[in-house]
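J.: Starting from the structure of chain A, add chain B where the hints point.
Protein chains: 2
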Amino acid sequence: MVGKSDVERIKVMHGAGGTMMQKLIKEHILKYLSGSNAEVPLEYLDDSSVFNGIILKSDSYTVKPLFFPGGDIGRLAVAGSVNDILMVGGEPKALALGLIIEEGFRIDMLDRILRSISETSKEANVNVITGDTKVVEKGSIDQLMLNMSGIGLRHKFLDRNLDVVKQYYGDRVYRWILDRNIMPGDKIIINGYIGDHAIALLSVREGLGFQIDVVSDAMPLNRVVNEALRVGGVVAMKDPTRGGLSNLLNEWVDKGGYGIEIYEESIPIRDTVKNACEYLGLDPLMLGNEGKVVMAVVDEMAEDVLKAIRSQPGGENATIIGEVTDKHKYVVMRTVIGGYRVVPPPIGDPVPRIC
Amino acid sequence: MVGKSDVERIKVMHGAGGTMMQKLIKEHILKYLSGSNAEVPLEYLDDSSVFNGIILKSDSYTVKPLFFPGGDIGRLAVAGSVNDILMVGGEPKALALGLIIEEGFRIDMLDRILRSISETSKEANVNVITGDTKVVEKGSIDQLMLNMSGIGLRHKFLDRNLDVVKQYYGDRVYRWILDRNIMPGDKIIINGYIGDHAIALLSVREGLGFQIDVVSDAMPLNRVVNEALRVGGVVAMKDPTRGGLSNLLNEWVDKGGYGIEIYEESIPIRDTVKNACEYLGLDPLMLGNEGKVVMAVVDEMAEDVLKAIRSQPGGENATIIGEVTDKHKYVVMRTVIGGYRVVPPPIGDPVPRIC
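Each protein sequence line maps, in turn, to chains A and B. Straight run, no breaks: the first sequence in the numbering used here ends on number 1631. Straight run, no breaks: the second sequence in the numbering used here ends on number 1631.
Just so you know, these hints were derived from the structure itself, not from any lab. All values reported here derive from a predicted model rather than from experimental measurement. Where a beta carbon is used, it is the ideal one built from N, C-alpha and C, also for glycine. There could be a bad hint or two in this list.
With the C-beta cut set under 8 Å, the calculated list includes, among others, these residues of chain A facing chain B [what the hints assert, rightly or not]:
(1) 1381
(2) 1421
(3) 1612
For each label pair, taking beta carbons as the anchor points, the in silico distance ranges come out as [unchecked claim]:
(4) 1328(B) to 1435(A): 15 to 23 Å
(5) 1313(B) to 1559(A): 39 to 47 Å
(6) 1382(B) to 1555(A): 32 to 40 Å
(7) 1541(A) to 1306(B): 50 to 58 Å
Chain A extracted, bound-state conformation (with noise of 0.2 Å):
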């Protein structure tokens, strides 16, 4: 007979975007979900898989507190479940909205979320078009938790930007924007602050209360991406959500099989949230953000994706923050100090239910 603390048991790093999330995947939902006929399935972990020409995308949210400085439960899902579909080369066509609610919930809360759904959406040109309402006894779900899934087709400006990467790469291009196609030589740009919408979490959840001047990033990024795909060059493209920039380049190390260089100086932070990080003792590189994109991109084409995407709202503070190389296989960072450090991939978000 197995004793009770013989039985394995999910922990709250299994679901923080680490590398304990990545076994968990890998061990347990791969073993019996993978060996799908999609275009782009499951076991490729990208930001949305496709099946004939139909990108969808499932995100569940379970983000605390509900209401937080620069958005809410409502934002964040449209903008979480848009921005994944975005990521692969798609455009957001259409949504389902799946809503689990504790019994007592406050309706005019539930108005406030519907709200904040309906106006996020109508940003992200996108409409809810089917849901479903679960209610739950009281205790049973700490308050709110929804479920925002969609679908897209073929982003309108996709081949012309697989064309330009082509004439770089030739035929090594996929049809799709994946993590696995990164390239050494690809410039690595990020369209913004870093940190934001941790931050601004954790400024808000009990028992912290620190105060601190920054909002949530979270926002649909159907204006960046666009242009950077009009320009075209955009060889792989992913948003540093749980985990933050240091999961998301190493993801693209393991999958890509390059190499990736960063360089401290370059990553934009704001002051109030890298004081905060050191405050806290948290690492900047790993948490979250809601309204952030990594590209990599051609390199003769970095500037211009790099211009475009600052005319755009949410891109004003793009910039290039390092570059793939085929000269080792890690996430490296030159820092500030001059030297290099190894960047590896955190065993989860330091902080919990930012999404």
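T.: Just chain B now, with coordinates in the frame of chain A:
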């Protein structure tokens, strides 16, 4: 200032598939989220929505307990979402799984659920192609809840089916199988016994503890639906989940603008389920099912469709239970003792968390 007691709050019945849920959806959810350009939009409140030929469905599953006689939350989720895609005339093509897991959940239990999802997906000829895993701290959710979203495409037999319908009704026929399609004279068919799922769940609920030899009917209905559409003449189709047969038929009456008469003696119900209902004071017409479909079929085709359904697993006990009428706009049941009684829509399913 408004006192705390004046704040309107969510009740369990708001999620229980009856008139209270309809009110919540119409007054709150539709207020903010209606008005898309979908072919079958949210405001039809049908089993799935359709955008640009793509059927989209999302359902969350909060069933309690997670494992029950005849199934588990995984089987339930695949069956539930697949069936809703089938109900509008779709063929399920891909699923998306959103897991929300409580810290401390046993990983071997997660494996059982994943295996069940895998097996039921195979049965339904579909794959989970994408997903998301969230873990929340102990006490924030009751063990495990999940969302199963999915996409479908036009069923290979849908046009054939609609051609048959058009022979009788001409152009008063929609491009999809919708609740609003019902027409006077249509025969109402159900594919088997009602109430099994709800009673199977109740039999294992903590504190209730009655022994009864009945298992959940949870199953994907691909084969039953395929056969019915192949024969042709199916006007409307819906699965009697939350709120059971009485909710389903009242929704048809509301949306279709005609009345429905059912015959008590024809409604398939097991003696064990009937006895349990009497013992517990439950109306079997209001109990949720997870492997049942109710069809409104052109009178002249009803016997052929019935015969076709009966040849399929899950359809062996199919029977005609009533018809659509233009004599009134209610759901009316001819009782065994001879009279008629109105079947009102339930306020909500009397058994919470059946799905």
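J.: Hint by hint, note whether the structure agrees.
T.: Hints, one by one, checked against the model:
no. : hint                           : verdict
1   : 1381                           : holds, 4 Å
2   : 1421                           : holds, 6 Å
3   : 1612                           : violated, 35 Å
4   : 1328(B) to 1435(A): 15 to 23 Å : holds, 19 Å
5   : 1313(B) to 1559(A): 39 to 47 Å : holds, 44 Å
6   : 1382(B) to 1555(A): 32 to 40 Å : holds, 37 Å
7   : 1541(A) to 1306(B): 50 to 58 Å : holds, 51 Å
Of the hints listed earlier, the one the structure fails to meet is number 3.
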